[in-house]
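All chains should be modelled from the sequences, with the hints used to inform the complete structure.
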Amino acid sequence: MPTLTRFQGIKITMYFRDHNPPHFHAAYVGQKAELLLNGAVKTGSLPLAQLGLVQEWASQHQQALISRWNLAAAGRHFTPIDYP
Numbered sequence: 000m001p002t003l004t005r006f007q008g009i010k011i012t013m014y015f016r017d018h019n020p021p022h023f024h025a026a027y028v029g030q031k032a033e034l035l036l037n038g039a040v041k042t043g044s045l046p047l048a049q050l051g052l053v054q055e056w057a058s059q060h061q062q063a064l065i066s067r068w069n070l071a072a073a074g075r076h077f078t079p080i081d082y083p
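Here numbering that gives the first Met the number 0 is used: the first residue of the sequence shown is 0, the next is one more, and so on.
Just so you know, these hints were derived from the structure itself, not from any lab.
Using N, Cα and C, we set each Cβ at its ideal position, and we do this for glycine too.
No false leads were slipped in.
Restraint-style ranges between C-beta atoms, simulated for each label pair:
hint	residue 1	residue 2	range
1	48	74	28 to 36 Å
2	75	29	27 to 35 Å
3	51	29	14 to 22 Å
4	72	48	25 to 33 Å
Okay, structure coming up:
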């Protein structure tokens with residue numbers, strides 16, 4: 000699972016050829032969540048402070064997330080997204 004970015008102890012990843020709807024995975028100290036590209040939680044949970052950071056990051060990187068999802072869905076490698 001390629002890493003999109005890491006910040007403040009949070010790891011953001013995206014699987015190759017993953018199922019729809021488009022989403023990414025966030026992990027923080029043993030807690031995990033799947034979030035839609037707009038930042039809405041699909042499954043799992045994160046502490047509220049970290050969830051807020053992830054959602055803010057996602058809102059600032061919408062176009063990059065869509066681009067990475069399209070590449071990953073096609074099984075193609077992508078470059079990480081810088082933080083912030």
